[in-house]
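Asks: Sequence:
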Amino acid sequence: ILAKGLQQLLDYKGDDMEEVFVQSFRITHKDIFGTVLTYDLKENGDTILVNQDNKWEFVDMYTDFLLNKSMEKQFRAFRRGFLLVTEDSPLEMLFRPEEVELLVCGSKNFDFNALEESTEYDGYTASSPIIRHFWELVHEFSQEQKRKLLQFATGSDRVPVGGLSKLKLVIARHGTDSERCVAPLPPALSLRQAALPY
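The sequence shown begins at 22 in the working numbering and counts up one residue at a time.
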């Protein structure tokens, strides 16, 4: 919504921009606790209205605030902690930047064949019809659906270092036929375990 509003502001060609948008260089935003805060993008921002001459400056300053200044304190703390662990360590000499990214963020490669091979079963076997159907369906999923399944089953949508075979997912039988009427949706359990209906 915000991006659409900023784009409308940039696309507007009328000379009456100050009257139409009534937007100053003072913005409001919510912090992580939901508290509404005000911030002047420029000194005395509340007295400077956005017009045709300064609208690009406003959008640039607003996006800089959202992407940089509003999280500067948190990023400094993250950077300090990251450097504490990595500075003067073999990590700097052993890994290229993209390898450090892989260690921190996980892989983007969703190899669900590896996950299928490493999955253990409780109450099922790999050849059970429901399990075969489950994996057929999973292999047809889009990348987004696979990421959501990973989030549901493990609590994280990231592939760990070493790939999906390192997850050790357990698919367990959930309830009996009579219990399925009461609890029709399979729950995601802790410890990388998904329960399928009986």
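Just so you know, these hints were derived from the structure itself, not from any lab.
One or more of the hints may lead you astray.
Beta-carbon label-pair distances, calculated as ranges [unchecked claim]:
id, residue 1, residue 2, range
1, Ser91, Asp178, 50 to 56 angstroms
2, Ser110, Gly35, 26 to 32 angstroms
3, Gly184, Asp81, 38 to 44 angstroms
4, Ser149, Ser91, 48 to 54 angstroms
5, Ser163, Gln73, 41 to 47 angstroms
6, Ser163, Leu115, 31 to 37 angstroms
7, Ser110, Tyr60, 33 to 39 angstroms
Taking lysine-lysine pairs in the DSS-like style, the calculated list, with each CA pair at most 27 angstroms apart, reads [unchecked claim]:
id, residue 1, residue 2
8, Lys129, Lys187
9, Lys129, Lys169
10, Lys51, Lys129
11, Lys51, Lys94
12, Lys189, Lys167
13, Lys90, Lys25
14, Lys63, Lys51
15, Lys63, Lys94
16, Lys90, Lys76
17, Lys167, Lys129
18, Lys129, Lys189
Built from N, CA and C at the ideal position, the CB exists for glycine as well.
Asks: So, for every hint listed, does it hold in this structure?
Replies: Hints and how they fare:
One distance hint, 50 to 56 angstroms for the beta-carbon pair Ser91 and Asp178, is violated here, with the actual separation near 24 angstroms. Between Ser110 and Gly35 the Cβ separation comes to about 57 angstroms, which falls outside the hinted range of 26 to 32 angstroms. Between Gly184 and Asp81, the C-beta spacing of about 41 angstroms keeps the proposed range 38 to 44 angstroms intact. Our hint of 48 to 54 angstroms for Ser149 and Ser91 holds, since their Cβ atoms are close to 51 angstroms apart.
Distance hint check: the CB atoms of Ser163 and Gln73 are about 43 angstroms apart, consistent with the given range 41 to 47 angstroms. Between Ser163 and Leu115 the Cβ separation comes to about 35 angstroms, which falls inside the hinted range of 31 to 37 angstroms. Hint check: Ser110 to Tyr60, Cβ distance near 37 angstroms, so the stated range 33 to 39 angstroms holds. With a C-alpha separation of about 15 angstroms, the suggested pair Lys129 and Lys187 falls inside the 27 angstroms cut-off, and the hint holds.
The straight-line distance between the Cα atoms of Lys129 and Lys169 is roughly 13 angstroms, inside the 27 angstroms bound, and the hint therefore holds. About 31 angstroms separates the Cα atoms of Lys51 and Lys129, which puts this hinted pair outside 27 angstroms; it is violated. Between Lys51 and Lys94 the alpha-carbon distance is near 15 angstroms, which keeps this suggested pair within the 27 angstroms criterion. Between the alpha carbons of Lys189 and Lys167 the distance comes to roughly 16 angstroms, so the proposed pair stays at or under 27 angstroms and holds.
At roughly 21 angstroms between alpha-carbon atoms, Lys90 and Lys25 fall within 27 angstroms of each other, so this suggested pair holds. Annotation: proposed proximity of Lys63 to Lys51 holds, straight-line Cα distance about 19 angstroms (limit 27 angstroms). Note on Lys63 and Lys94: the hinted pairing holds, with a Cα-Cα distance of about 20 angstroms set against a maximum of 27 angstroms. The straight-line distance between the Cα atoms of Lys90 and Lys76 is roughly 19 angstroms, inside the 27 angstroms bound, and the hint therefore holds.
Distance check on the hinted pair: Lys167 and Lys129 sit about 11 angstroms apart at the alpha-carbon level, within 27 angstroms; holds. With a CA separation close to 18 angstroms, the supplied pair Lys129 and Lys189 stays within the 27 angstroms bound.
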